[in-house]
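S.K.: Protein chains in written order, with the numbering used here: chain A, 579 to 835; chain B, 1265 to 1450.
Hints in this document: simulated from the structure, not taken from any laboratory.
Watch out, some of these pointers could steer you wrong.
Ranges of calculated distance between the beta carbons of each label pair, as one might list FRET restraints [unchecked claim]:
1. B:K1402 - A:N825: 26 to 32 Å
2. A:R726 - B:S1393: 32 to 38 Å
3. B:K1360 - A:K834: 43 to 49 Å
4. B:P1273 - A:N747: 51 to 57 Å
All residues carry an ideal CB built from backbone N, CA and C; glycine is no exception.
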Amino acid sequence: MESQPEQLVFDFFKEQPQIIAERNDEELKLKIGEFAGPLDLLLYLIRQEQANIFEIPIAKITDEYLRVIRLMEKLDISVAGDFLVMAATLIEIKSKMLLPREIVEENDEDADDPLKELVNRLVEYEKFKNAAQMLWEKSTVEQSIFPRGKIETDENNSEINVGVFDLLNVFQKILSRRKEEIQMEIEREEMSLSEMLSNIKLRLKQSKTFNVTEFFNHTRSKKELVLAFMAILEIVRTEAVKLLQENIFGEIILTKG
Amino acid sequence: MTEIEEKQPRSIEELITILEALIFVTDEPISAKDLANVLEEDSEFVQSAIEELAQEYQERKSGLMLREIAGGWQIATKTELHDEVRKFLKTRPSAKLSLAALETLAVIAYKQPVTVPEILEIRGVQSASAIKTLLDKKLIVNKGRKETVGKPMQYGTSKDFLIQFGLKDLTELPSIEDFEDLTSGL
Chain A
579 MESQPEQLVF DFFKEQPQII AERNDEELKL KIGEFAGPLD LLLYLIRQEQ ANIFEIPIAK
639 ITDEYLRVIR LMEKLDISVA GDFLVMAATL IEIKSKMLLP REIVEENDED ADDPLKELVN
699 RLVEYEKFKN AAQMLWEKST VEQSIFPRGK IETDENNSEI NVGVFDLLNV FQKILSRRKE
759 EIQMEIEREE MSLSEMLSNI KLRLKQSKTF NVTEFFNHTR SKKELVLAFM AILEIVRTEA
819 VKLLQENIFG EIILTKG
Chain B
1265 MTEIEEKQPR SIEELITILE ALIFVTDEPI SAKDLANVLE EDSEFVQSAI EELAQEYQER
1325 KSGLMLREIA GGWQIATKTE LHDEVRKFLK TRPSAKLSLA ALETLAVIAY KQPVTVPEIL
1385 EIRGVQSASA IKTLLDKKLI VNKGRKETVG KPMQYGTSKD FLIQFGLKDL TELPSIEDFE
1445 DLTSGL
């Protein structure tokens, strides 16, 4: 073998399939890695040789294949294991073809012809490669068609049922706002949970709806806020009430029934 | 529910008017059967009304078309207007799938339900990242596990696949055998 340096000529990549030609890769490095797999590379090389898929000039194609693999390694492209498996397969086929006929037949029980198997795989693979191109064309056409844009009613309706976590969220928001306000510590008469409960129940009785966010905002201390939160949870648990939110991040309303 | 007093049967013109409105407001392609159920009409009657409406769109040189996609009907802009529409919407064509992803998608589309080893067999290369991309883009879905050694996961195409590739259904894909002679007989 001559140790001539590999020529870094990429002219053969000009004839890339259309799918690849569409993509504007800036670097040659990337381009050589564009082969979708060892079968893709093999098909490409066979086509370069203008050979028929059923009459592969195996010695020549094997050499070409190994050359490209070496080139890829030289360019620091990590050569996937699958490419190496194919290289081994090609070498195996090539060496078998060099052996005299009789020996091959002796060793091969049921004519497990690796070349024939490879040709079958190539034929099968090529169908899917062409199908991939068809899909590419279809998606390109499809990208030039626009259905109507989304409108508000495609999303959730304005009345959203509120879960405990939404309530907790509002509570935390108000709590953090409270933290920022520096207040003088003044002893104050604090409400108990049962007082808070009957307070809310009374307000619910008077008007059928009850703005929870507003109620939280009107509490006078952190302790009272916590009590209010617990009371709301308790009421939701025990009474026939619903928590509603008219829009996302909107105010939470407590309603009867 | 209110009792409907002797309903007058709708004429095909009335039906077409209503259908146009309903197909316009639906977010996703809607089938003639679903429309028939909503309107309490015979689905063949609805089908022929939709086809007539689609014909109307064609004849009056509309900027829109009524087309069948992913098992339903949809109103969409015409292909040839893409430049203007895109300019107006300020959008660019979204990123194309890689060659590897397209090949994997082709194998899945034709061989579904199909497992990872079966895809490897055809493509001759590991397809894990391509499969992940396709799953992320919701073009393929899990189709349960195959009852063989190792119970491998099976994959198939999704409704989004039909929509993004402009297909009515999977039978609209050309037969895989039709792709055989395209290049191998050099």
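S.K.: Look at each hint and say if it fits the structure.
M.R.: Hint by hint, here is what the structure shows:
no., hint, in the structure
1, B:K1402 - A:N825: 26 to 32 Å, "holds, 28 Å"
2, A:R726 - B:S1393: 32 to 38 Å, "holds, 35 Å"
3, B:K1360 - A:K834: 43 to 49 Å, "violated, 56 Å"
4, B:P1273 - A:N747: 51 to 57 Å, "holds, 53 Å"
Checked against the numbered hints above, the structure breaks only hint 3 and satisfies the rest.
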